[in-house]
Structure formats: structure tokens, C-alpha cells
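Chemist: Each chain is listed here by its residues.
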Amino acid sequence: MVNGLNLLFQFLDSFAFIVLAAAGLAIIFGIMGVINLAHGEFIMVGAYATTLANVRVGLPLPVAMLAGVAVSMVFGLLVERLIISGAVPNALSRRALGRDVIDPLYDRLADSMVATWGLSLIMIQGVRITFGNSLDQIGTPLGEIAYGGFSYSTYRVLLAGVAVGVLVLAYYVFTRTDYGMRARATIQNESTAKALGVDTERTYMTTFAFGSGLAGLTGALYAPTITMVPSLGGSFLVEAFVAVVVGGPSVVLGTALAGGLLGSINALFSNLVGTFFGRIALLVTAIVMLRFLPEGITGYVERLRERRREGA
Amino acid sequence: MAAETAGSPGSSGSPGATGLARLRRRFEGPNTVGNSRGFWIGFAVAVLALVAYPFAVGSYQASRFSLFLVYAFLGLSLSVVWGYAGVLSFGQVVFFGVAGYTFGVVSVNFATPLGITAAFLVGVVGGAVMAAILGYFMFYGGVRNVYVTIITLVSTLVLHTFMAQTAGDEWTIGTAALGGFNGMPTIPNLAFGVGGVALTFDSIGFYYLVLALLVATYLGLRALVNSDYGRVMVAVREDEDRTRMFGYHVERVKLAVFTLGGALAGLSGVLYASWGNYVSPQVFELAFASLPVIWVSVGGRKTLLGAVVATVGIEFFRNSLGGELAFIFVGALLLVFILGLPGGIVPWVHRTYLDLRGEGDVSRPDPAEGAEVTDS
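Chains as they are written, first to last, in our numbering: chain A, 1 to 312; chain B, 313 to 688.
Just so you know, these hints were derived from the structure itself, not from any lab.
Residues from chain A shown here face chain B by an in silico Cβ test under 10 Å; the list is partial:
{"hint": "1", "residue": "Leu-109"}
{"hint": "2", "residue": "Leu-119"}
{"hint": "3", "residue": "Leu-121"}
{"hint": "4", "residue": "Arg-128"}
{"hint": "5", "residue": "Ser-231"}
{"hint": "6", "residue": "Leu-237"}
{"hint": "7", "residue": "Val-245"}
{"hint": "8", "residue": "Phe-277"}
Here are a few chain B residues that sit away from chain A, every Cβ distance over 12 Å (derived from the structure):
{"hint": "9", "residue": "Arg-338"}
{"hint": "10", "residue": "Tyr-372"}
{"hint": "11", "residue": "Phe-504"}
{"hint": "12", "residue": "Tyr-541"}
{"hint": "13", "residue": "Glu-552"}
{"hint": "14", "residue": "Thr-664"}
Partial chain A-side listing against chain B, Cβ under 7 Å, derived:
{"hint": "15", "residue": "Ile-102"}
{"hint": "16", "residue": "Arg-279"}
{"hint": "17", "residue": "Ile-280"}
{"hint": "18", "residue": "Leu-290"}
Idealized CB from N, CA, C, for every residue including glycine.
Please work from the sequences and hints to get the whole structure.
Modeler: Structural data, given as C-alpha cells:
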């Protein structure tokens with residue numbers, strides 16, 4: 001019984017971690033076709049901004065978290081304008097040289113990976129130079145749940161609720177708002193969307209800012225529970241990446257299903273064999289899934305549905 | 313010496329051509345830059361300069377430089393796999409690391425010259441076998457494009473996680489402990505020989521061995537990519553479906569190239585392990601895994617020369633710069649080149665050079681190459 005409770009908490013914890021880590025990446029990848037390897041560093045920006053606002057400026061934690069989200073959103077906007085779309089450098093070069101110097105990285109998967117990897121190197125080292133090798137940490141709020149001989153951090157379990165909240169928010173934004181409509185039109189067919197009057201460039205810009213904001217939120221939420229080192233994003237990136245790929249093209253449903261599947265595998269193996277094997281099992285599952293369902297869970301579901309429609 | 317071994321196998325050109333020109337033709341074609349007499353003179357000068365380098369700077373510097381030459385094999389392996397067959401692999405370090413560990417385990421257990429020679433071969437073969445297994449799993453399973461990249465990336469992470477937890481006693485193979493996060497120290501120097509007759513390579517000897525191997529590998533790969541098989545590789549890169557329609561077995565080509573890439577990365581890993589007498593899970597880290605991609609993107613992935621020049625150049629700068637700014641420098645370099653010059657430095661220099669000499673002078677490097685470089 002106690003072991004079962006332990007397993008449940010561990011599952012909620014991994015589920016929250018995977019979903020929160022993946023949400024921003026999934027949105028940026030799904031809509032813009034940009035694989036953002038600096039995603040972990042966007043999370044780091046959120047975590048650092050929250051910690052600095054709380055510890056150095058003295059804002060209360062919830063306000064500091066909002067500040068963290070805002071900072072990473074603005075940062076994401078800057079990155080989009082400067083690097084991903086190259087709008088700012090191109091505007092400058094058009095004036096100086098009379099031509100564009102940068103092609104936007106939209107839908108150039110390999111190039112966007114390499115470029116954002118370069119960005120992440122700069123960010124990690126830049127933060128290390130500016131703030132040193134580590135930062136004072138915020139204590140984990142809300143205490144612990146104790147049962148039998150075990151205890152689990154209440155805060156980390158509650159994050160599972162927040163993760164579900166984020167999924168609901170994303171679902172709402174993409175299905176019920178004008179922006180969401182435009183974003184989905186842009187995914188389906190960019191040129192048709194453009195012809196119908198959708199400002200696709202602005203959609204991309206908003207999407208990147210939204211994704212960065214979610215990454216910042218993840219950083220802000222985990223800031224009290226992890227060690228503040230410049231390379232903290234690395235531990236998020238792997239899970240995020242794996243979840244996005246396993247989830248497939250449907251952003252919200254895919255992230256939720258991947259979080260559920262990978263979270264339970266991770267929790268099970270961590271519980272039975274040890275943390276190392278939990279992680280290895282998660283990664284191996286991802287490899288096997290990719291091999292057999294290269295379009296992810298939701299891609300497979302979509303194909304099944306199409307086949308049934310054709311059959312009927 | 314290396315040049316002859318790589319190029320000699322019975323070239324039967326037209327009877328009028330001299331031997332040298334016939335030899336040259338094997339290494340030239342549309343898939344490589346540098347198809348002129350000037351290039352080969354420059355190449356010979358560069359090789360001679362590298363041969364003279366240890367005399368100019370001493371054995372310590374030469375030994376340091378040999379590490380960059382060792383990395384060049386890793387750069388070349390990705391250039392062949394990504395630049396010529398279109399498979400972007402983040403996992404070249406998997407083969408690098410597996411070969412390094414294999415070499416370590418075998419050579420620690422059999423620390424005689426014969427044992428080390430065997431370890432060298434087993435290590436390289438180990439890298440190739442690992443690549444063949446992973447490649448078979450992916451290519452024959454219909455995994456394509458960016459999913460290949462992601463699987464290779466995840467494989468790197470699996471090995472990193474796995475090797476980092478091998479600290480316990482149960483992870484001792486023979487007398488070689490894998491050592492978990494701290495890695496395997498006390499790997500012997502590279503040596504070739506049987507019984508009493510043996511050549512051990514340390515500092516300067518190792519430098520010359522690596523240099524000779526590198527020149528041979530570079531020329532060998534040039535011959536490969538300019539051969540008929542090389543053309544098939546490029547066809548696979550440009551359009552898989554069309555190549556398949558022409559009757560080529562695309563999966564088999566990709567698997568063969570991937571295996572070759574694994575062997576090259578393995579060679580690099582073996583040399584690396586014997587260079588520092590050390591290998592650790594760090595070789596599977598994301599930071600290290602991305603280095604080959606950086607080298608090859610900056611140098612120009614569709615040129616072998618670019619991979620070598622950029623690898624040695626970037627590592628030399630990174631190492632000399634040292635300290636805190638090194639990674640910022642590398643990151644900025646990567647951003648600037650992938651955004652501003654997606655084809656890489658070497659193709660750009662090559663094109664600029666041809667433009668300067670005037671369009672009329674351009675004989676073989678056809679316009680198609682210029683078009684190819686921009687559409688990446």
C-alpha cells in the first residue's frame with residue numbers, strides 16, 4: 001500500500017515534470033517547425049528571473065514567478081526577431097547592403113537545431129560569467145506529505161495539477177481564441193492562410209513568445225526545487241524533447257499522452273530498479289516508439305482514424 | 313607515403329596521361345572542392361607544414377595539436393554521413409565513445425603490443441558494429457530525416473546515463489574497471505607489434521601516426537565520394553524517392569555510409585583514448601555530442617576539407633582561448649555561420665576564389681555546385 005502511494009506520487013511528479021518541460025517546446029515545434037535546443041535555457045531564464053526577483057529584489061514568490069514568465073516571454077520575443085526570423089538583422093542589412101542576410105529558420109529543422117544549440121551555449125556561458133556558478137536558492141514552499149516512513153514534497157505533487165492546468169490553457173488558446181485559429185491555419189497551410197489575410201509572421205512571433213512564456217513558467221515553478229546552476233536547462237531538455245517526439249503532431253493531446261506514458265514508465269522503473277534505470281527506460285522507450293511510430297502517438301491515432309474512415 | 317597507399321590501386325586512365333595526372337583524377341570530381349593543380353600544391357605545402365610543425369614548436373605543443381587531428385576523424389565521419397548521405401547524426405560520439413571504451417577494456421586486459429594492436433582493431437570495429445546495429449534499426453525501420461537525428465541524440469543520452477552509473481565493482485571487465493562517472497584512467501599508449509618487435513606511439517610518434525592516418529583517410533574519402541558510389545550517396549542526400557525509383561537500394565546505401573561513419577568515429581575514439589590514456593562518460597555528453605555538428609556546419613558539410621579545417625581550427629582556438637569565453641565564442645561562431653553562411657566557410661572561400669579568377673577560368677566546378685550550396 002505504502003509502495004503504491006509512493007508510486008503514485010512519483011508518477012504525478014514525473015508527469016508534471018515531463019508535461020511542463022515539453023509544453024513550450026511542443027508548441028514551437030508543432031507550429032513553427034523549429035526545434036529549439038535552447039529550450040532548456042529558456043527555462044533557465046525563467047528560473048533565474050524568479051530566483052533573482054525573490055531573493056535579491058524581495059518580491060513575494062507568486063509575483064516573482066509572474067516576473068519570471070514575463071522576462072522569458074520578452075526574451076523569447078527578442079530571440080525570435082533577432083535569430084529565428086532574422087527580421088531585425090535583415091532590416092538593418094537591407095538598409096546597409098540592400099539585401100537580406102538571413103533566411104528565417106521556420107521549417108528548417110536541422111538548421112534550427114544547430115543555430116539554437118549555438119544560442120544555448122552562449123546563454124549558459126553568459127549566465128555563468130554574469131551570475132557565477134550558482135545562485136542562492138528559494139526554499140521549497142508548502143512542506144511535505146508524510147506517510148508511514150516516507151515523505152514527499154507537497155509542492156512537487158501539486159505541480160501535477162498545474163501541469164493539467166497548462167494543458168487546459170493551451171487547449172483553450174488553440175481552439176477557442178482568434179489567435180489559436182490563425183495559428184492552426186498557419187500550421188495546416190501557410191500560403192493559403194496568408195492569402196486569406198492571416199499575418200503569418202505575426203502568428204509565428206506570438207507563438208514563439210507564448211512557447212517561451214510557458215518555458216519561463218516551467219522555470220519559475222521549478223525554481224524553488226532545483227539547484228540554480230547555469231546548466232540547469234539540460235535536465236529539462238531531454239525529457240521535453242522525448243515527450244514532444246513521442247507525442248507527435250497534436251500539441252496538447254500529444255503532450256498529455258506522452259507525459260502519461262513516459263511518466264508512468266519513469267516512475268515504475270525508478271521505483272523498482274533505481275533512478276538511473278528510470279531514466280534509461282524512458283529514453284529506450286522513446287527510441288523504440290520512434291522506430292515503430294515515427295509520427296508519435298497522435299500521428300498513429302490520426303492514421304488509424306483515417307484508415308477507418310476510408311474503410312467505412 | 314600515405315598518399316600512395318590510398319590512391320595506387322590499379323588506375324587505368326587514358327594512355328596519354330602521365331601517372332600523376334591519372335592518380336589525380338581519382339581524387340577529383342564535382343563532390344569535392346579543390347580540383348586544380350593549385351589546390352594540390354597547396355595541399356602538399358599544408359601537409360609538409362604539418363610535418364615540420366613539431367620541429368618548430370616542440371613535443372608538448374605537437375602532442376596537444378595531435379588531439380585536434382584526432383578530432384578531425386570525428387569531423388570527417390559526420391561530414392560523410394551528413395554532408396554526403398544526408399543523415400544528420402548527433403550520435404557520432406556514441407561510436408567514438410564505444411570505440412574508446414572498447415579499446416580501453418581490451419588494452420588494459422592485454423597490455424602487450426599485440427594486445428594493444430588487437431584492441432585498436434577491435435575498437436574501430438566496435439564503433440562500426442555499433443553504427444551498423446543502430447543504422448539497421450533506424451533505416452530499415454523506415455525512420456527518416458529529423459527522426460534519425462533525434463534517435464541518435466537520445467542514444468547518446470542513454471549511453472551517458474548508463475556509463476555514468478558503472479562505478480560499482482560489478483562493472484569490471486577482466487581487470488578493467490569502467491569507473492562510472494570518473495571514467496577509465498590508465499589506458500596504455502597506442503602500440504603496434506607482435507611479441508618483442510613493437511612500435512609504441514607517444515607524443516611525437518603519435519603525432520606523425522595520426523597525421524599519416526588523417527592524410528590517408530582524407531584522400532581515401534575523396535576517392536570514395538568522387539567514385540560512382542559517392543554519386544549514389546549524393547543522390548540519396550538530394551532525393552531519396554527519386555534515387556529509389558532509379559533502382560538503388562537507399563536503405564543499404566545509408567546503412568553502409570553510416571557504418572563507415574561509425575568506423576571513422578571509432579578510429580577517432582580509439583586514438584582519443586590512447587592520446588589521453590583516459591576515457592569517461594563525458595564523451596557522451598550533449599556538449600561534446602554537438603561539437604561535430606558545429607565543426608562540420610562551420611566548415612561546410614558538403615566538403616571533406618571543410619570538416620578537417622574547421623575541426624582543427626575551432627578546436628585549436630577553443631583550446632588556446634580557454635576559460636570562460638571559449639563557449640561563447642563557439643556559440644557565436646555557430647550562429648553566425650548557420651544564419652549567414654549556411655553552406656559553410658570552405659565552399660564560400662572556394663566560390664569567392666573562383667569568382668575572383670573570373671568566370672571564364674572555371675572549368676570543372678560547375679554552376680550546379682553553387683546552387684547546391686545555397687539550398688540547405
